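Visitor: Each chain is listed here by its residues.
There are 2 protein chains.
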Amino acid sequence: MGLWDDIAAIKDKVDSFILSNLEDVSNDSLKKASLHLIKAGGKRLRPFITVTVCKMLGGSEHEVIPVASAIELVHNFTLIHDDIMDQDAFRRGTPTVHTLWGIPMAIIAGDLLFSKAFSMIFKNVEGGETFDERRSMCAHLLANAINYLAIGQAMDIEFEKRWDVTEDEYFQMIKYKTAFLFGAASLCGGVIAGASSLQMDLLKDFGLSYGVLFQLTDDLLGLIGDPKKTGKPVGSDVRRGKKTLPIIYALSKVEESEKTILLDVLSGRKSEDSDVKLAISIIEGSGAIDYTRERVERYASDARKALEKLPQNEYNAKLQELVEYTISRTR
Amino acid sequence: MGLWDDIAAIKDKVDSFILSNLEDVSNDSLKKASLHLIKAGGKRLRPFITVTVCKMLGGSEHEVIPVASAIELVHNFTLIHDDIMDQDAFRRGTPTVHTLWGIPMAIIAGDLLFSKAFSMIFKNVEGGETFDERRSMCAHLLANAINYLAIGQAMDIEFEKRWDVTEDEYFQMIKYKTAFLFGAASLCGGVIAGASSLQMDLLKDFGLSYGVLFQLTDDLLGLIGDPKKTGKPVGSDVRRGKKTLPIIYALSKVEESEKTILLDVLSGRKSEDSDVKLAISIIEGSGAIDYTRERVERYASDARKALEKLPQNEYNAKLQELVEYTISRTR
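Order-wise, the sequence lines are chains A and B. Quick note: the first sequence uses our numbering, first residue 14, plus one each step. Quick note: the second sequence uses our numbering, first residue 14, plus one each step.
It cannot be assumed that every hint is accurate.
A pair counts as met if it fits within one copy or between any two copies, since identical chains are not told apart.
DMTMM-like cross-link-like pairs, simulated, lysine to aspartate or glutamate; straight-line CA separation at most 25 Å [stated by the list, open to error]:
no.	residue 1	residue 2
1	LYS45	ASP99
2	LYS45	ASP25
3	LYS44	ASP99
4	LYS255	GLU146
5	LYS188	GLU285
6	LYS217	ASP37
7	LYS266	ASP145
8	LYS45	ASP177
9	LYS272	GLU146
10	LYS283	GLU76
11	LYS217	ASP145
12	LYS266	ASP28
13	LYS24	GLU337
14	LYS44	GLU180
15	LYS318	GLU269
16	LYS188	ASP41
17	LYS188	ASP37
18	LYS45	GLU173
19	LYS44	GLU271
20	LYS188	GLU36
21	LYS44	ASP18
No lab work stands behind these hints: they were computed from the structure. Since the structure is predicted, the reported quantities are computational estimates derived from the model, not experimental observations.
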């Protein structure tokens with residue numbers, strides 16, 4: 014089986030566990046709103062990491078599915094709330110939850126996925142519940158990741174009003190907002206498999222490095238991605254003035270006249286297609302793309318090094334494949 | 014010590030545990046927004062119940078404080094999100110979180126309190142963490158309560174557009190939205206104390222009955238409460254068309270001409286002070302106040318009966334006192 018067959022197989026199991034655990038939501042609008050994004054698609058990369066890490070270390074898929082599903086629910090809860098905050102109208106090719114059900118119901122739908130994550134994490138695939146040390150450690154890891162996620166989201170919102178965000182601030186923000194949940198996904202797989210402390214350190218390195226490179230490739234795709242593949246219009250991050258690494262880098266490197274043009278587009282004062290094209294070419298000319306690619310390569314190398322020290326088997330190979338696939342999307 | 018000294022003593026311990034666990038929030042706005050309502054006041058009734066139940070059953074206050082604090086954080090998270098949904102500008106005598114920091118930061122502040130609740134529940138007062146069966150059962154109970162809370166909030170939002178809400182629907186909604194968190198507060202005290210199954214059933218009865226009577230007295234105060242004591246303007250629930258028990262009862266009992274007047278005020282078509290006064294007198298004339306008081310008495314009797322079968326000691330007496338105090342507010 015190739016990587017995509019594995020990803021699809023885990024997605025099936027996770028989705029069916031999630032759906033069965035949301036069956037009892039007696040309010041119809043809330044149920045539909047909560048499941049909307051889950052049903053709209055997504056690859057379930059975080060559960061894939063949790064399950065594959067667990068199996069790499071000899072753990073049981075059966076036992077890890079509830080934890081992997083909880084992590085996916087947390088991811089989806091943050092998407093629903095982030096879309097409200099960013100006033101995004103589309104995601105996964107479909108209108109966002111607040112666009113369809115209004116902001117109040119979207120806030121509750123996010124909250125429900127959040128609480129369902131923490132009731133689900135103690136459930137078993139075959140029914141019943143388990144309240145052992147491993148499950149509680151996973152719940153604690155997940156809650157900690159969300160603590161940081163909230164701080165990262167607050168930073169991101171504050172960055173919107175600023176044009177002097179530094180690279181250090183940017184990396185802090187994406188670690189909090191994106192990488193720590195990947196870190197928790199990797200660590201939870203280890204907890205369920207009963208990993209050693211040394212292995213837990215490596216799993217943390219792997220998860221965090223993968224999380225950062227994932228976000229950096231996302232930044233590249235938001236700038237130079239093929240709209241047919243990304244589902245976003247050309248230069249969408251530029252139009253929205255998002256503080257991504259290539260944009261932060263370009264702002265710090267280009268000369269004053271180019272910076273003025275860039276800021277006009279980033280702040281929305283100019284928004285013609287030709288303005289956006291010019292802005293992208295200025296960013297490219299600054300060396301920002303190469304610089305970001307070099308950073309991606311550095312984090313990929315860290316992720317690979319962590320995997321090298323973990324058990325070498327077919328599951329380890331799949332995690333390596335995931336790293337290579339993620340990088341390849343921006344080439 | 015009287016009831017209020019005990020409540021104040023537990024509030025001090027819970028607040029200091031909460032504050033120490035939010036110290037590490039590195040984003041200043043987020044930290045202030047998250048702590049705003051906690052610092053603004055509140056009696057900490059839920060933690061009081063959790064701690065007092067635990068001590069009634071011989072459990073340790075030390076061990077239960079983290080769980081009690083987690084429950085209080087969950088309550089505060091729901092207040093922040095509810096205020097956004099209800100577009101409320103004031104709470105606890107101060108502007109609401111979204112009024113001061115905007116909706117995006119208020120959503121995140123609520124999310125942060127939510128995740129902090131689930132990281133806090135595994136912490137110890139003296140530092141370090143405990144991942145045993147009791148803590149995970151509390152986390153699970155709390156998550157389940159929030160699942161229902163979300164459904165209750167969704168029902169409440171849907172009730173806004175309806176004038177034919179039945180009494181059964183109303184009781185379902187307040188059980189989900191208010192009583193289940195009181196139920197979890199009571200049950201978690203039992204879990205930490207190592208209560209028997211029989212005791213857990215009684216604790217559930219006590220918590221749920223208290224939660225319902227708490228909401229019913231709140232409904233009465235929103236209608237006939239002294240504005241100086243409640244902090245709300247006269248007839249605030251009537252002006253906002255809230256579906257409280259007295260209002261639902263009156264709508265189902267009064268004759269058509271009075272119903273028209275009532276609906277004019279409830280829907281906001283008429284909002285002069287004299288209109289509101291007339292509406293309140295119609296509700297009073299329908300027997301709705303007496304009917305609601307009779308319901309309060311019935312749930313108070315259930316709460317007392319549960320307490321009678323639990324160990325008779327000073328802590329049990331304090332819980333009885335809490336029931337009597339809560340009822341007395343509406344007399």
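Visitor: Hint by hint, say whether it matches the structure.
Guide: Taking the hints in turn, this is what the structure says about them:
no.: 1; hint: LYS45 x ASP99; in the structure: both (22 Å within a copy, 21 Å between copies)
no.: 2; hint: LYS45 x ASP25; in the structure: within (19 Å within a copy, 42 Å between copies)
no.: 3; hint: LYS44 x ASP99; in the structure: both (23 Å within a copy, 21 Å between copies)
no.: 4; hint: LYS255 x GLU146; in the structure: neither (41 Å within a copy, 44 Å between copies)
no.: 5; hint: LYS188 x GLU285; in the structure: neither (33 Å within a copy, 54 Å between copies)
no.: 6; hint: LYS217 x ASP37; in the structure: between (35 Å within a copy, 21 Å between copies)
no.: 7; hint: LYS266 x ASP145; in the structure: neither (53 Å within a copy, 53 Å between copies)
no.: 8; hint: LYS45 x ASP177; in the structure: between (41 Å within a copy, 24 Å between copies)
no.: 9; hint: LYS272 x GLU146; in the structure: neither (54 Å within a copy, 58 Å between copies)
no.: 10; hint: LYS283 x GLU76; in the structure: neither (53 Å within a copy, 59 Å between copies)
no.: 11; hint: LYS217 x ASP145; in the structure: both (22 Å within a copy, 23 Å between copies)
no.: 12; hint: LYS266 x ASP28; in the structure: neither (45 Å within a copy, 48 Å between copies)
no.: 13; hint: LYS24 x GLU337; in the structure: within (20 Å within a copy, 53 Å between copies)
no.: 14; hint: LYS44 x GLU180; in the structure: between (40 Å within a copy, 23 Å between copies)
no.: 15; hint: LYS318 x GLU269; in the structure: neither (41 Å within a copy, 77 Å between copies)
no.: 16; hint: LYS188 x ASP41; in the structure: between (36 Å within a copy, 18 Å between copies)
no.: 17; hint: LYS188 x ASP37; in the structure: between (35 Å within a copy, 16 Å between copies)
no.: 18; hint: LYS45 x GLU173; in the structure: between (31 Å within a copy, 19 Å between copies)
no.: 19; hint: LYS44 x GLU271; in the structure: neither (49 Å within a copy, 37 Å between copies)
no.: 20; hint: LYS188 x GLU36; in the structure: between (34 Å within a copy, 20 Å between copies)
no.: 21; hint: LYS44 x ASP18; in the structure: neither (29 Å within a copy, 43 Å between copies)
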